[in-house]
Every structure is written in structure tokens, then in C-alpha cells.
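Below, each chain spelled out in residue letters.
Protein chains: 2
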Amino acid sequence: MKKNCVIGQSGGPTAVINASLAGVAAAALASPHIGKVYGMVNGVQGLLEEQFVDMGEVLAGEEQVELLKQTPAAYLGSCRFRLPDMETDTKPYEVIFALFEKHEIGYLFYIGGNDSMDTVHKLDAYAKKYGKDVQIIGVPKTIDNDLPETDHTPGYGSAAKYIAASVREIGMDSMVYCHPSVTIVEIMGRNAGWLTAAAALARGEGYPAPHLIYLPEVLFSDKQFLTDIEALLGQGVVNVIVAVSEGVRYEDGTYVCEGTQDCATDVFGHKNLSGTAKILEQKVKAAFGIKARGVELNVLQRCGGHFASLTDIEEAFRVGKESVRAAEQGESGVMMVYVRESDAPYQISYAARHIGGIANMEKVVPRHWINAAGNDVTPELLRYMQPLILGEPEVRIQNGLPVYLSRQA
Amino acid sequence: MKKNCVIGQSGGPTAVINASLAGVAAAALASPHIGKVYGMVNGVQGLLEEQFVDMGEVLAGEEQVELLKQTPAAYLGSCRFRLPDMETDTKPYEVIFALFEKHEIGYLFYIGGNDSMDTVHKLDAYAKKYGKDVQIIGVPKTIDNDLPETDHTPGYGSAAKYIAASVREIGMDSMVYCHPSVTIVEIMGRNAGWLTAAAALARGEGYPAPHLIYLPEVLFSDKQFLTDIEALLGQGVVNVIVAVSEGVRYEDGTYVCEGTQDCATDVFGHKNLSGTAKILEQKVKAAFGIKARGVELNVLQRCGGHFASLTDIEEAFRVGKESVRAAEQGESGVMMVYVRESDAPYQISYAARHIGGIANMEKVVPRHWINAAGNDVTPELLRYMQPLILGEPEVRIQNGLPVYLSRQA
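Top line first, the protein sequences correspond to chains W and E.
So that you can map any letter, position 115 of the first sequence is 118 in our numbering, and since no number is skipped, the others follow by simple counting.
So that you can map any letter, position 222 of the second sequence is 225 in our numbering, and since no number is skipped, the others follow by simple counting.
Don't read these hints as lab results, they were simulated from the structure.
Just so we're clear, the structure is a prediction, and the values are computed from it rather than from any experiment.
Be a bit skeptical, because a hint or two may be false.
A pair holds if it fits inside one copy or across any two, identical chains being indistinguishable in the list.
Said to hold, decoys possible - The list that follows gives simulated cross-link-like pairs (lysine-lysine, DSSO-like), each with its CA atoms no further than 30 Å apart: (1) Lys-5 with Lys-366; (2) Lys-366 with Lys-294; (3) Lys-131 with Lys-288; (4) Lys-94 with Lys-294; (5) Lys-131 with Lys-226; (6) Lys-105 with Lys-5; (7) Lys-94 with Lys-288.
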């Protein structure tokens, strides 16, 4: 008997979360086991309010599928909603599973990162505990690349490509003047330095930037930072480019950016990190009296659809499709993962892994992929990242700008 | 008799200043009147130190010309060097014209913006006063689009395209959550709002951003700004996107960003403007208690070679070639300009205009191209900008990243 399915998106935007949505929806629409394919508006929050869109209508033609694949952010809208423990409050669970029953939904596909996998974990546990016939499948998504079990995450390759291209261009911009300068590029990444590490891909013959890379996996020291810059200036490097993670911390556990006005705390208890580059800019000016400039890459690194990685898009689309295959095979309480089969030629396969080992966990950069001095990455890390940024999609352009699929259209 | 020529680049980087360099160099190398083609390293500053490169060697093949055309920043390096008045100090002039004589240089092509045209003006005046047989030609360059006499400036179209695409993407990023938010995008432009106005190109069916646009041509008022946002929130707009120029000022003449630590002053007496978005973010948080985020587009808007305007690149290349033609026709003390022949179809021609009416002058956005409320642009301004962002170059890519021509290679 056919059952309907619902797909949700959750957490921060990426360049390819919609490619995964397209993949899940396309495979579900084609599946003999699945009837209607719903999208929930604004994740679990919209689900609780019964806000659905019909994905069959959204993806009426091949053109819509292709447009959705190149659209950044989150077509269905997102949320940052944490389900309560079902031991203390079953109310939202009852609402959700009543809606599943009402709409004859047998499959939930939830595309998101660490926090969203907590939702997958909890809904699956509830379904199992109360004998509900709904399969819950997690589809990975995060630019942060910090999900365990998977070789890398959908969204990371595109962010890495945007960051590497931007750092190369910022480097060229900085090098036009012959007066000494230090440019500090602040890159996203609270606890994991994967995104900041991608700045290293910018290097090549004629592109010396970035000269220094600081990840949150290594404790930050102002003294060492200024010593590193002094050494480069002493070696005759005129324009020093630094890549630094927004999440770098001092030995005492405080973030470098703390004390700025932006350190608000979100619903998951995360501090809003911002201002690291500006603070370091001031420290450089004070120490050396030379030109210094902080550049925050900001949200564009996660939503830069005009320069995404084709490898990332195609993998994100495929993992969406594979999640439907896993559902057809009876899986529930799993997240789909990438398994790297080989580096050269680069090849991955897809698998389902139990969500228990993934939800709320973070995978950081291993210490041995950071150099001993803690101010650069190793060639092994470069080899890991390089294939993920390859390929450029044929972006549809109208009036000089990329065309995206919007629910507001 | 053949004479040699020298080309310089000056002022801030753009995505197409190297396309103009390629155009001048290619035409000069092909000219029957010109022998050697030199590039001066770091503008007039490198000229004073006799630092030349041989452009014939740099552009040995067609591949190098194409690479230079897609390379952002400034291949030859730049400077911010102001020549003294020749009435008070002739020393640097004597050094420069002695070098011209030594290297048999009869033509100087100087690619730059307002400040650089001051150099063209002064060198030409000196040559005429002392009967030196050197022709001095200015080639326009600035993302700011603030040079008089020319319909628009090389570099503006690419910056406008980058800004419009980025604002569209930032808008999509902001709209994923259903909680009210205000995102403030800070765009370059000290006195002229052309770049900020380009944010309006981001709009379209399904792309409401930006909702508000503030240019430096209209005095800024915190009260009006907050009233504008309140009105939008009242109309049910959940995620408000604002484009604001870094150069907006209050009625008393102070910049909105003043008081931040970044207000240093450069050699031309310009304040380093930065922090406008962050300050407005705080004002929004204080007034409405909702999520607010300041995003500074920063240097990427001027050096984003990975998403430049093909129209801009080809015009910048062509105006370089036309400057050599003007030199062959005996012009000196002129800057090349674009003359718009028609809007539909978009067509421009090239001409030489006397530098006296250009150097040190700024062309701002006419008041009638800004709406009465001072928070948006008019359809006329949109029609003016639209053709300038059209077309995408075939960017050469290697290992997933754009390839650029670098002197450091």
C-alpha cells in the first residue's frame, strides 16, 4: 500500500540543501511505494502548524528540478526548533503523529545538520516506542562539515569553493599596494575549522594567500599570532593574508570575539560569533602600526549560489535520492552518509548510518591535519578537500543575474 | 619615428582594470607609432623608482591576453600617490620626465579614478608648460562610477553585478526563517550612491530584496530609517533587507559610521568608512528587539573576478584600445569616456575629453533618480544600470578555482 511522505529543511542555509530537496522529491515522486510528496514549510515548526506544499506541483517539469538544484538557502524555509524530551513533554509528538495519520504519511525526510538530526533521533525514538508506522530518515546538510560518520557533508564543498575563490581574490586585492598590510579574513565555523581550512585551497603559483590559518581546534594566542605576522613581515612578505575561524578561543575558553556587542545566544544555547577579524585587525594596528583590514565573509559563504561546486550539487541531489531508496528498504532512525571509496580517482558511495551516533555530535578537524605550529593545515587535509570543490554548474542567468526558484514567486 | 610608451594603474582594485591594461597594451604593441610597451610597477610611485615590466613579454600569447582580461585587482600594482603642485615642487616632475627621455617614452597611459586623473592633469600641464613631447592619456577606472563626462566607468558594471547577485542571495538566505529580522547590507561608495543603487537590480518576481535603499546623496535620519522599517514590519514583511551606502551622513555632516574605531584618514584626506551596517544593526535591535544582522560586502565587491560583467570587461578592454587610437591622433591631457548612444538596444561610443573637467571631480546620483522618500531608486536609474551587468565571461578554471595572471607567478 502506498503511503505519502513529507520532506523538511532545517538549520542554516547552504548552497545545496535544495539540491537534496530536489533529489528526495524526484525519487519519492517516482517511487512505487510513495503517493503524495509534501514539503513542510519552515521545518518541524511548519509541520506542527500543518503548513504543507505539494512537491509534485512545485517540480512539475524538469526545468523546475534544475532550477531548484541551483537555488541556494532553503526553498521550503527553515527553523531552529528543538523538540522537548518525550519523557517530559509528549504534546508536540502527539500533534505531529496525529498529522502523519491524518495525511497518511509513512515517511519523513529531514534535511539538516547536527541540531536537525536531534529531531530525527527523537521522532524515530517516539515512533518506535509507540509503534507508529512512520520511517524517519535524516539527510545531511551543513556547510560546517562537522557531522560524524560521513566523509563530508553536502554544502561543505560549495562553501569551501566560495571561500577559496574569495580568499584568492582578496589576496590579489591586498597585493596591489606596496605598503605593508595585514588582511584578516573571518570564516564561519564555531568549533570545527573545516571551512577556514578551505582557505588553503586558494594557494597556488602566484597566489601566496593565505599565509596563516587559525582553526578553532587549536587554542589561540595573541602573542603567537603577532609573532607569526612579525616573522612574515621580517621575511619580506609585504601583504600578509590571514584566514581565521570565527570560533577561535583563548586558553581560558573565551572566544576571541567575546566582548563585542554581537555575542547574543540562540535557542540552542550557541553564542552568535562575529567580530573576530575586526578585533584582530585592531591588535595588528596596535602592535605594528601598519594597515590592517578585517574582512568577514559572512552569510555569502553559505548562500553563494552563483559559484557553487558541481560535485557538491550532484552529490547532494544523489544523497536525496538515496535516502528514498533507504526508506524503501525499511530503514528508519538513520542518516545518509558519504563513504569515500578513493581519493584518486575521487569516488564516494552512499550508506545509511544509525542516527544515535550522529545527533548532537560534532566532528572537528583532526589535530594531525593541522601543522605543528597550529597556524596552517597539512597536505593530507588539502588532498581531502580538493576534490570537493571541483566543477561548476551551468548557472541559469536572466538579466545578468542567477535565476532561483522562490516560494514567493 | 617610433616612441615607446608606459602604462600605469592607480587607485583601488576593480574586476576590469586589467582588461583596460590588456587593451592599451595590445593596441600599443600593434601600433606603428609605438615601439616598446612598458608597464610601471605600482603606478607613479614605481615610475619614480624606474620599476618597469615589458608588456610585450607579459602578453607573449593570446592566452595571456585572455587571462589578464579576467584577472581582478591590478596586475601592475597600484599606488595612492599625489604629485605636488608643480608651482611649489618640480622635483618629481623632473625625475619623471628625465626617465621619459632616458627610455624614449612619448606616451603615458594612466588607468585610474578621480585621484589618478589629477596625476594625468598635472603631468600633462607640466609637459605643455616645459615643451616636453610626451602625450598623457587617462583611462577611466573606478567601481564607484563617479567620474564626470563618461556615461559610466569601467569596473562599475562588474561591481554592480556582484552586489546585485549578492543582495539577491542574502535576501534568500534571510527569508528562510519565519521570525522577523532585519538584514542591513553595507555597500561601498563614499559620496556617490551608484554601487548601493545597484542592489535594486537584485529585485524580481520572487526576490523582494532589497526593501529599502539609502544612498549618500540623501541625508540620513535614524528616525526615518526606523520608521521605514516599522512600516514594512507592519505591512507583514517578515524579513526586511536594507541596502545602505558606507557613506551615508546625518544632517550635521557626520558619517553614520563615525565613532567606530575604523575612521582613519588616508593620504588623500579620505576617512576610512566602515561599520555603518553594524551600527544600524544595533539601532534596529534596540528599537524593535528583533534579530538584526549587518553584512559588509567589503573588498569582494571590487575584486570578485569569478562573477564579473562581460559587458564591463569588453568595454574596459575596448576603451584601453581607444586610448591608444587617441594618442595616435595626437591627443594629450584627456581622459577617454563612454558616450551612451542608446538604451535599447544598448550602445555606447568612445571619445576623449579634456581632463580639466574631470580630475578631482565627482559625479553623484542625480536627486531625480532617487525616490521622493529618499529610500529607493527610480525606474530611470534601473534602466540606466541594467545593461551594464549583462553577460558572463567564460572564466578559466583550474582545480575548481578561477585562474588569474599574477606578477608573483
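Each hint, compared with the structure:
no.	hint	verdict
1	Lys-5 with Lys-366	neither (38 Å within a copy, 66 Å between copies)
2	Lys-366 with Lys-294	between (36 Å within a copy, 29 Å between copies)
3	Lys-131 with Lys-288	neither (59 Å within a copy, 43 Å between copies)
4	Lys-94 with Lys-294	between (57 Å within a copy, 28 Å between copies)
5	Lys-131 with Lys-226	neither (54 Å within a copy, 56 Å between copies)
6	Lys-105 with Lys-5	within (15 Å within a copy, 87 Å between copies)
7	Lys-94 with Lys-288	neither (55 Å within a copy, 33 Å between copies)
Checked against the numbered hints listed earlier, the structure breaks hints 1, 3, 5 and 7; every other hint is satisfied.
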